[in-house]
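Engineer: Respectively, the protein sequence lines represent chains H and D.
Numbering-wise (our numbering), the first sequence opens with residue 8 and increments by one.
Numbering-wise (our numbering), the second sequence opens with residue 2 and increments by one.
Warning: the hint list may mix true and false statements.
[What the hints assert, rightly or not] Below, computed lysine to aspartate or glutamate pairings styled on DMTMM-like, alpha-carbon distance capped at 25 Å:
(1) D:LYS96 x H:GLU125
(2) D:LYS96 x H:ASP121
(3) D:LYS106 x H:GLU125
(4) H:LYS225 x D:GLU309
(5) H:LYS225 x D:ASP128
(6) D:LYS356 x D:GLU309
(7) D:LYS96 x H:GLU220
[Stated by the list, open to error] Take a look, some chain H residues computed to stay more than 10 Å from chain D by CB distance:
(8) THR11
(9) LEU68
(10) PRO123
(11) ARG131
(12) LEU145
(13) ALA159
(14) LYS197
By construction, these hints were calculated from the structure, which means they are not laboratory data.
A virtual CB, placed ideally from N, CA and C, is assigned to each residue, including glycine.
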Amino acid sequence: MLETVFLTLKLAFVTTIILMFIGTPVAWWLARSKSNWKEIVGTLVALPLVLPPTVLGFYLLVILSPTSPIGAFLTTVFGKSLPFTFEGLVVGSVIYSLPFVVQPVRNAFEAIGDRPLEVAATLRASPLDRFFSVAIPLARPGLLTGAVLAFAHTMGEFGVILMIGGNIPGETKVLSVAIYDYVETLQWGKAHILAAGMLVFSFVVILTMTIIERRMRKRLQ
Amino acid sequence: MTDIHIDLQGVLGDFSIEAAFAAPTSGVTAIFGPSGCGKTSILRAVAGLNSSLTGLIQIGEEIWQDAASYTPPHKRAVGYVFQEASLFPHLSVIKNIGYGMKRSKKSHLSPNLDELTQLLGISDLLDRMPNNLSGGEKQRVAIARALLSSPEILLMDEPMAALGQDNKNEILPYLEKLHKHLKIPIFYVTHDMQEVERLADHLILMENGKVRAYGKPADLISDPSLPFQKRSGAAAILDGVIRGYDPQYDLTTIEVAGTPLIVPGNIDAIETTKRLRIKASDVGLSLTQTSEGMSYLNNPLATIISIETINPAQEMVKLQLGKAEENTYLLAAITRKSAEQMGLQPGQTVSTLIKSISFMGH
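The task is simple: from the sequences and hints, build the whole structure.
Structural biologist: Written as structure tokens, this is what we have:
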């Protein structure tokens with residue numbers, strides 16, 4: 008059981024780190040760009056919010072399989088076929104949780120407005136410098152929200168994982184899958200422990216995040 | 002040194018901007034006009050924040066924008082003070098100031114941190130966070146931040162418009178001190194005539210996106226073809242030098258265009274330059290050149306340059322004080338009836354009766 012908990016935390020942690028690196032620039036572009044493509048890209052990013060996880064998982068399975076061009080490329084990069092591996096789960100989780108990072112971070116960037124960035128420009132800060140010295144610090148509450156949501160959402164992921172990861176102990180068997188397993192095999196006691204653990208975890212995460220975020224916002228007013 | 006040349010075109014909302022003017026590379030150039038006339042767009046274009054205006058921006062020997070080139074804002078050595086102080090909320094006062102300092106090239110024009118924070122009265126606030134400052138304090142920090150980034154020009158966009166009257170009165174003296182202290186030119190956008198009168202060395206009058214006139218404030222304010230005189234409370238602006246003080250009557254003599262004027266009180270040290278404001282409604286005219294039997298101490302001779310009707314009852318008379326080449330003018334608001342009965346004509350020399358003179362901070 009501990010192995011499952013550890014694997015789930017590891018997946019959530021790796022996914023969150025990768026998402027912050029991918030989601031933040033995407034959110035910045037969506038917040039600042041005047042391009043006509045902006046809303047198309049925004050919609051693509053938001054798709055996992057409404058798509059049934061099984062649909063997403065099905066397409067990922069097709070795309071990641073070594074017979075597709077992208078899958079073939081990834082297979083050479085990772086040295087193995089991605090479906091039914093931990094790496095495959097990470098790729099799936101990143102796509103599945105992307106909107107949970109992009110949306111709050113984009114809102115935070117938009118809330119900054121033009122003025123602080125203009126001020127920084129007149130104080131000789133280059134565009135990249137402005138991003139790191141002004142935009143990121145001022146968007147901190149949004150970044151925190153994004154990271155916590157990505158982490159928590161990945162912890163509870165089920166459908167996508169079942170489709171592309173299956174149920175391999177130590178490799179792809181995460182909490183939600185394990186709970187399903189225990190219930191299927193009528194091990195209610197173990198299911199109770201994991202389910203209650205998730206319940207407490209979720210409650211603590213949301214409460215902590217709300218408190219920290221409120222403090223940050225107060226400081227930035 | 003070469004002057005500042007601005008020649009910008011573009012579209013702003015409903016009207017087009019066509020602004021061409023030259024300004025000296027020292028002193029305060031006020032860009033004056035009603036709200037929405039394009040003043041701020043021009044200022045933003047100079048800073049590189051408004052790329053929709055095309056044309057020429059030349060500051061001294063540097064060209065920041067012309068048909069072939071466009072310098073991005075962070076490579077233009079400007080100091081920009083926005084209407085709202087716009088301090089970075091995540092940085093303390095000293096770190097706000099340091100933000101520009103550490104990113105700019107030091108030059109011989111760079112003011113000294115201690116001196117400037119002293120001058121602006123913010124030395125005790127350096128460790129505070131912006132949300133613990135009053136509106137006036139924030140704006141003073143913003144001014145220090147802009148100046149310590151070693152700009153070649155300071156751009157101020159109605160820096161006092163968002164402040165209450167108390168905060169305005171608090172900041173104006175600092176601006177006047179700065180004005181004396183700084184060696185760089187200042188562009189000062191405003192729609193407040195009082196600020197123009199107190200601060201401007203050079204005036205650009207804008208209307209509907211176009212430059213209506215530019216030149217010395219005293220010339221423009223007294224020009225009958227411009228709208229300044231139509232304002233109630235029209236006044237002439239004159240520069241004078243203090244020449245003496247009479248302790249017996251507590252009166253100061255100040256010389257304006259070779260003409261001594263007497264004002265109550267001990268104004269300032271001898272040889273100090275002062276800017277005077279004489280309201281048109283405080284000036285009367287007389288055909289008899291005598292001061293006997295009159296309570297008016299100041300009745301210098303002046304030559305009528307023009308007479309304009311400002312309303313059915315009143316005329317605005319523009320007069321030349323002293324020699325013609327001095328460009329020193331007085332305004333007198335008199336009734337049309339008096340003007341007709343006295344038979345006033347341009348070119349005529351008359352006695353002026355000046356009831357009161359006030360001082361601008363300079």
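Engineer: Which numbered hints are broken by the structure, listed smallest first?
Structural biologist: 4, 10, 11, 12
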